[in-house]
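Let chain H serve as the given structure and place chain W on it in line with the hints.
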Amino acid sequence: MPDNDIATIETRASSGEPCAPDFVYTIFIKATAEQVWNGLIDRDLTKAYWGHYNESEWQPGSRWDHVRSDGSGKIDTRGRIIEMDPPRKMVWSWAFDADAELPGKLSRVTYELTALGPDTKLTVIHSELEPGSPMDKGIREGWPAVLSNLKSLLETGAVLSEEQWPGRSSA
Amino acid sequence: MSDVFAALADSTRRTLLDRLFVKNGQNLSDLHDGMTMSRQAVAKHLHILETANLVSVHWQGREKLHYLNPVPLGDIVHRWVGKFEDARIAALTDFKQQMEDASNSSSNSKPQEKRRAGQ
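Top to bottom, those sequences are chains H and W. Quick note on numbering: our numbering labels position 132 of the first sequence as 132, and the sequence is numbered without any gaps. Quick note on numbering: our numbering labels position 71 of the second sequence as 242, and the sequence is numbered without any gaps.
Looking at chain H on its own, in the form it has when it is part of the complex (with noise of 0.2 angstroms):
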């Protein structure tokens, strides 16, 4: 299918345009990376945590959706699966859904995930933004509250609530 073949899969940064740069999160989650790996993929558990799901076959050069879990329907993000390496990697293209066929508009988001031990160390890289963006001024916020729910929900089973803090470690 040529519509799945990762070679056709440009972003900003093969379209020649200047790109903001890159951010870097980092994020140490008690669970194995497999159940990380799970909890980033994961439609049910995507939706428990982020306000949407993600939606994809997951192999290199399928299409992704993310999708309002208000019951919608509307996809507000999307893009192509660039590099699959469970439960190390994950390469994808990230853009809003009206640009998501526009090469420059085309950002790059990389999943690493790394064991330590009992835990996982998860390294997210969101690269190639269109410097001054909306997009690239929204991700500042949107990353850390999206990794910190991921955390609680893998460690606690329930998504970050005010009622859960007092009684957590310090750890």
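FYI, nobody ran anything at the bench for these hints, they're computed from the structure. Because the structure is a prediction, the values reported are computed rather than measured. We put the beta carbon where it would ideally sit given N, CA and C, even for glycine. Possibly wrong hints are sitting among the right ones.
Stated by the list, open to error - Calculated lysine-lysine pairs in the DSBU-like style (CA-CA distance at most 35 angstroms, straight line):
1) H:Lys30 x W:Lys194
2) W:Lys235 x H:Lys74
3) W:Lys194 x H:Lys74
4) H:Lys89 x H:Lys137
5) H:Lys121 x W:Lys215
6) H:Lys137 x W:Lys235
Unchecked claim - Pulled a few chain H residues facing chain W out of the computed Cβ check, cut under 8 angstroms:
7) Asp22
8) Phe23
9) Val24
10) Tyr25
11) Leu154
Said to hold, decoys possible - Have a look at the derived ranges for each label pair, beta carbon to beta carbon:
12) H:Ala13 x W:Phe192: 31 to 41 angstroms
13) W:Asn198 x H:Asp44: 36 to 46 angstroms
14) H:Thr8 x W:Ala180: 50 to 60 angstroms
15) H:Pro118 x W:Asp189: 26 to 36 angstroms
16) W:Gln269 x H:Gly73: 20 to 30 angstroms
17) W:Thr186 x H:Glu57: 42 to 52 angstroms
18) H:Phe28 x W:Thr207: 30 to 40 angstroms
19) H:Ala13 x W:His218: 43 to 53 angstroms
20) H:Arg88 x W:Thr222: 21 to 31 angstroms
21) W:Thr183 x H:Asp119: 24 to 34 angstroms
22) W:Ala180 x H:Lys30: 23 to 33 angstroms
23) H:Lys89 x W:Gln269: 43 to 53 angstroms
24) H:Gly71 x W:Glu234: 25 to 35 angstroms
Below, chain W alone, put in the same frame as chain H:
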């Protein structure tokens, strides 16, 4: 979490985080530039920030780049600042609105300059 407070207790380290906020992804030389201390001293401060997970490191070839990692700060805010959840939801709602506005009108103002001016 105590690592985070110890790391933030030093004004030089707060300055380094400020500089990464303005320009993310700098190497040691970039960050040493304009500082009135030795390169080794800056490297030591960066190491403390890295250990506290306030700075993420990414190797680009042989170059070590430093990135601001606000994730542990979120943990602090969640623990002690009430109503943060509401603020975050509001932020996400604003974000969604901005996204929709942006995709509806491609000829937008200059959001980056606006952000800088608002600091």
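The hint says 30 to 40 angstroms between Phe28 (chain H) and Thr207 (chain W); measuring C-beta to C-beta, is that right? holds, 34 angstroms
Would the pair Lys194 (chain W) and Lys74 (chain H) pass a check requiring their Cα atoms to be no farther apart than 35 angstroms? holds, 34 angstroms
Given a hinted range of 42 to 52 angstroms, is it respected by the beta-carbon distance of Thr186 (chain W) and Glu57 (chain H)? Holds, since Thr186 (chain W) and Glu57 (chain H) (Cβ atoms, about 47 angstroms apart) stay within the stated range.
35 angstroms Cα cutoff - pair Lys89 (chain H), Lys137 (chain H): holds, 25 angstroms
Proposed proximity, Lys235 (chain W) with Lys137 (chain H) (alpha carbon, max 35 angstroms): holds, 24 angstroms
Would you say the C-beta atoms of Pro118 (chain H) and Asp189 (chain W) sit inside 26 to 36 angstroms of each other? For Pro118 (chain H) and Asp189 (chain W) the Cβ distance comes to about 35 angstroms; the hint holds.
Using the Cβ atoms, figure out if Ala180 (chain W) sits within 23 to 33 angstroms of Lys30 (chain H). This hint holds: roughly 26 angstroms between Cβ atoms.
Tell me if the interface restraint on Leu154 (chain H) is satisfied: Cβ within less than 8 angstroms of some Cβ in chain W. violated, 14 angstroms
Could you grab the alpha-carbon distance between Lys30 (chain H) and Lys194 (chain W) and see if it respects the 35 angstroms cut-off? holds, 31 angstroms
Against chain W, run the beta carbon of Val24 (chain H) and see if the smallest gap drops under 8 angstroms. holds, 4 angstroms
Close enough to count: is the Cβ of Asp22 (chain H) nearer than 8 angstroms to one in chain W? holds, 6 angstroms
Do Asn198 (chain W) and Asp44 (chain H) keep their Cβ atoms within the hinted range of 36 to 46 angstroms? The hint (36 to 46 angstroms, Cβ to Cβ) holds, given that Asn198 (chain W) and Asp44 (chain H) are roughly 41 angstroms apart.
Against the hints set out earlier in the document, violations occur for numbers 2, 11, 12, 19, 23 and 24.
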